[in-house]
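Here is what each chain is made of, one letter per residue.
Number of protein chains: 2
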Amino acid sequence: MGVIDRQCCLPIHTMPTQNTREKLLDVAQELIQRRGLNAMSFRDLSDSVGIRKASVHHHFASKTEMVDALLGRYLQQFGELLDEILASRASGKTMLKRYCDLFVQTLSSSGNDKGCLCGMLMAELLSLNDSGAAKVRAFLSSNTMAVESMLARGGEDGSLQPNVSTKVTAWMVLATLEGGLLVARCDGGHKQLSDIASRLIQLLAK
Amino acid sequence: MGVIDRQCCLPIHTMPTQNTREKLLDVAQELIQRRGLNAMSFRDLSDSVGIRKASVHHHFASKTEMVDALLGRYLQQFGELLDEILASRASGKTMLKRYCDLFVQTLSSSGNDKGCLCGMLMAELLSLNDSGAAKVRAFLSSNTMAVESMLARGGEDGSLQPNVSTKVTAWMVLATLEGGLLVARCDGGHKQLSDIASRLIQLLAK
DNA sequence: ACTTGACTACCTACCGAAAGGTAGGTAACG
DNA sequence: CGTTACCTACCTTTCGGTAGGTAGTCAAGT
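Residue numbers (the working numbering), protein chains in the order written: chain S, 16 to 221; chain L, 16 to 221.
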């Protein structure tokens, strides 16, 4: 009762546990997407959330464990976005457009500053533990599977070339978007990524 | 005369100055391509080359200055490779294949471990100084210009679609290769990147 | 021919800051 | 009374970077 949080002026102990943990993950994700894993520290997290650095260890025993937890959450959230697209009755081409928009929005909603979480971590793969690296690979796998479905759908409904429904093409689409995000982030911004995605779809359609 | 280098058993002062500096850049490039900029330290460099950490500062005043010098060297070397491809009398499609091979070879010659130097640094862009960031952008610019030339050439000689000779398509090609390198490095290796590149060229050709 | 002084390429020893992480305590909740 | 969510205080290691010294090279001056 008498103890007041200096930051938000609400009684500390009335705040649900999950909030701080989720906030830490939010900040961690933000920082990794902007600066990269090795340019982010526990001090950055604790300062942003308003707790002490040591208290972060109450939620995550180590940095690698935190990244692992972050990847778990991210995989689930991204999986839901993929399912949402795949569950619609849109054409394959429209699905692919919506999928590309996920990447464009990452850039346009952040002042052209954020990369893909897994894209950043792919570059810093050797700083991850086995579980973290496996989750990054799981991200790649679930994405290519989703894209493959879209390509197959597009081949059936006539919105995309029928013969592009291959695993390799799905990998190519993912590579283009991940690379495009990386490139556009440090050069032409979301407009550039949007152009790249349009050109990609155009090639797969005609 | 009497003073002997512990490492190579050659008189220290008969060894040309440039060697140590170049060796440091070699090791730095290797480490950045494998682990990333922020996972590499001056101690890593000095240990690999066989001098003391403080002596690295004799060659490079700071870490950012070292990365800047590394990027300068890399830009020049990569520029020569691009010129070599563009100066040949091959078809546009063949040129594009050779260009893609530059990325595939990075992976296949390193046990699927190395990424593109500028690809890694694009992810860690905020850890660079202004000059370094400018050089990364110069890398992107010179690459897209080169690819654009290849696409134009391919449009003329009939080996590629005539209407793909746009800046946007060149950006797309670069994005696919940078992203493909990133993806293949942590999943399917050089074979996967080779497949992605083949599929890309196929789309641009037919 | 001999000395001088600038220069190069290292060295040892050290600095403050920041990193990830630990130990042990406290206050509220159920 | 145990659990949760924090705290202060402190640890070791590593980071980029600095100060100051030493041995050898080399060209100019006398």
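No lab work stands behind these hints, which were simulated from the structure alone. The structure presented is a predicted model; accordingly, all values stated were derived computationally and were not measured. It is possible that some hints are incorrect.
In this list, chains with the same sequence are indistinguishable; a pair is considered to hold if it fits within one copy or across any two.
[Stated by the list, open to error] Each computed DSS-like pair below joins lysine-lysine, with the alpha-carbon atoms no more than 30 Å apart:
1. K206 x K182
2. K112 x K206
3. K68 x K38
4. K38 x K182
5. K78 x K221
Item to complete: Would you pick out the hints that fail for this structure and give their numbers low to high?
Response: Violated hints: 4 and 5; rest satisfied.
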